[in-house]
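Visitor: Read off the chains here:
Protein chains: 2
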Amino acid sequence: MYESQRLSRQIDFLIEIDKAKRILRQSLIADGSRRENDAEHSWHLALMAAVLCEYAGEPVDLLRVIKMLLVHDLVEIDAGDTFAYDDAGYETKLARERAAAERIFGLLPPDQAGEYRALWEEFEACETPEARFAAALDRLQPILLNHRTRGATWKKHGVTKERVLERNQGIAKGSAALWRLARALIEDAAARGYLDEDSRP
Amino acid sequence: MYESQRLSRQIDFLIEIDKAKRILRQSLIADGSRRENDAEHSWHLALMAAVLCEYAGEPVDLLRVIKMLLVHDLVEIDAGDTFAYDDAGYETKLARERAAAERIFGLLPPDQAGEYRALWEEFEACETPEARFAAALDRLQPILLNHRTRGATWKKHGVTKERVLERNQGIAKGSAALWRLARALIEDAAARGYLDEDSRP
Chain A
1 MYESQRLSRQ
11 IDFLIEIDKA
21 KRILRQSLIA
31 DGSRRENDAE
41 HSWHLALMAA
51 VLCEYAGEPV
61 DLLRVIKMLL
71 VHDLVEIDAG
81 DTFAYDDAGY
91 ETKLARERAA
101 AERIFGLLPP
111 DQAGEYRALW
121 EEFEACETPE
131 ARFAAALDRL
141 QPILLNHRTR
151 GATWKKHGVT
161 KERVLERNQG
171 IAKGSAALWR
181 LARALIEDAA
191 ARGYLDEDSR
201 P
Chain B
1 MYESQRLSRQ
11 IDFLIEIDKA
21 KRILRQSLIA
31 DGSRRENDAE
41 HSWHLALMAA
51 VLCEYAGEPV
61 DLLRVIKMLL
71 VHDLVEIDAG
81 DTFAYDDAGY
91 ETKLARERAA
101 AERIFGLLPP
111 DQAGEYRALW
121 EEFEACETPE
131 ARFAAALDRL
141 QPILLNHRTR
151 GATWKKHGVT
161 KERVLERNQG
171 IAKGSAALWR
181 LARALIEDAA
191 ARGYLDEDSR
201 P
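First to last, the sequence lines map onto chains A and B.
All residue numbers for the first sequence refer to our numbering, where the first residue is 1 and numbers rise by one.
All residue numbers for the second sequence refer to our numbering, where the first residue is 1 and numbers rise by one.
Calculated directly from the structure, the hints in this document are not laboratory data.
For clarity, every value in this text was computed on a predicted model and none was experimentally measured.
It cannot be assumed that every hint is accurate.
[To be verified] Only pairs whose alpha carbons sit at most 27 Å apart, straight line, appear in this in silico BS3-like list of lysine-lysine:
(1) B/Lys19 to A/Lys156
(2) B/Lys156 to B/Lys93
(3) A/Lys155 to B/Lys19
(4) B/Lys93 to B/Lys173
(5) B/Lys19 to B/Lys93
(6) A/Lys161 to A/Lys173
(7) A/Lys156 to A/Lys93
(8) A/Lys93 to A/Lys155
(9) B/Lys161 to B/Lys173
(10) A/Lys93 to A/Lys173
(11) B/Lys93 to A/Lys19
(12) A/Lys19 to B/Lys155
(13) A/Lys19 to B/Lys156
(14) B/Lys93 to B/Lys161
(15) B/Lys155 to B/Lys93
Make a model of the complete structure from these sequences and hints.
Guide: If you want it as structure tokens, here you go:
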């Protein structure tokens, strides 16, 4: 059915990644009706990158940022979603995700497998302007959704304002303006009672 | 909460488009478990554009193709999804979608409203290399999903092989190679009984 092995591998990959539509995240979609999946989350981030790229802390190649965001969660097809406030899950996350990247990007022809695997590694390492901006959006989006859904996920997991501020401070490395926005959203959420203040002494 | 009216409008837009996650298409996702929504469809197309851009019939600016695909279905937030084989729906589609584009892209600051509105108009007019390639992917993806789900949507709506070939021949304008792939998938689907042959005399 395929006129080349290359095209066959590309289509195999594009069918395999359809599974991202079934990986549920902790965040609810903005109307609060259900949990968001990885595919729609990645679409939302890609459009956020396009609309908000003027706020990147350093000049970024927008196409690279978007490609990175489109594939950044594909490893969860095998490794599952790890909630941002699940410390135990984070300990084994990297090993599980490395194996997943090997298998999933490995479906592509070698040159593209290398390209997308490298983009995923770059996102994870978070050491380039593109990766820092992509990571900032990946942190900001759940804050927007949580604010919109009156802190649904924060409340469910008993996460405090201090924890949210601490867990998301990396946004500042990708964009000072978006970190100011994130802090304003978090403070407003706390003021409205969507998010508890830390009760530890 | 926002440090500028510009940022406030951008975030309003980015929250509004979350509604695309609730617009259901006719296609099922690849495992056949449920209908696909516009947000995950657009994500899938954006990644298809990145992986398959070597097959574009003319040189394309990949970032423009991807931006176009990320926003091409936003008008359905107001106008709803029109099934590709619904001729009556197609008669009113353009007017409904124009009004939707006016409202939804109009949430953005004027410069970006103009940019994304123009990208959507360009996609609809299908007269540039980028729009032709984007449209080809938008046609190919449901064929891939229908083939994968044993013709679920085709069978449900009683669409014949001849109708599918006719309705999708525009793929050839965006990519000769992807049109050959689409035809091979359609012939294979018919041979497997996923799609009926035309019974008209």
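Visitor: All hints, please: hold or fail.
Guide: These are the hints, each one checked on the structure:
Distance hint between B/Lys19 and A/Lys156 is fulfilled; the C-alpha atoms sit about 23 Å from each other, no more than 27 Å. Restraint check: the Cα-Cα separation between B/Lys156 and B/Lys93 comes to about 22 Å, which is no more than 27 Å; the hinted pair holds. For the proposed pair A/Lys155 and B/Lys19, the alpha carbon gap of about 23 Å is at most 27 Å, so the pair holds. Of the supplied pair hints, the one linking B/Lys93 and B/Lys173 holds, its CA atoms being roughly 22 Å apart against a limit of 27 Å.
The hinted pair formed by B/Lys19 and B/Lys93 meets the criterion: a straight-line CA distance of about 19 Å does not exceed 27 Å. Proximity of A/Lys161 to A/Lys173 is assessed by CA-CA distance (about 20 Å); at most 27 Å being required, the pair is judged to hold. Note on A/Lys156 and A/Lys93: the hinted pairing holds, with a Cα-Cα distance of about 22 Å set against a maximum of 27 Å. A distance of roughly 24 Å separates the Cα atoms of A/Lys93 and A/Lys155; the hinted pair therefore holds under the 27 Å criterion.
Proposed proximity of B/Lys161 and B/Lys173 is supported: the alpha carbons are some 20 Å apart, at most 27 Å. The suggested pairing of A/Lys93 with A/Lys173 holds, with an alpha-carbon distance near 22 Å, which does not exceed 27 Å. This hinted pair does not check out: B/Lys93 and A/Lys19 have alpha carbons roughly 31 Å apart, beyond 27 Å. Restraint check: the Cα-Cα separation between A/Lys19 and B/Lys155 comes to about 23 Å, which is no more than 27 Å; the hinted pair holds.
Restraint check: the Cα-Cα separation between A/Lys19 and B/Lys156 comes to about 23 Å, which is no more than 27 Å; the hinted pair holds. Distance check on the hinted pair: B/Lys93 and B/Lys161 sit about 24 Å apart at the alpha-carbon level, within 27 Å; holds. With a C-alpha separation of about 24 Å, the suggested pairing of B/Lys155 with B/Lys93 holds against the 27 Å cut-off.
Going down the numbered hints, you'll see the structure goes against just number 11.
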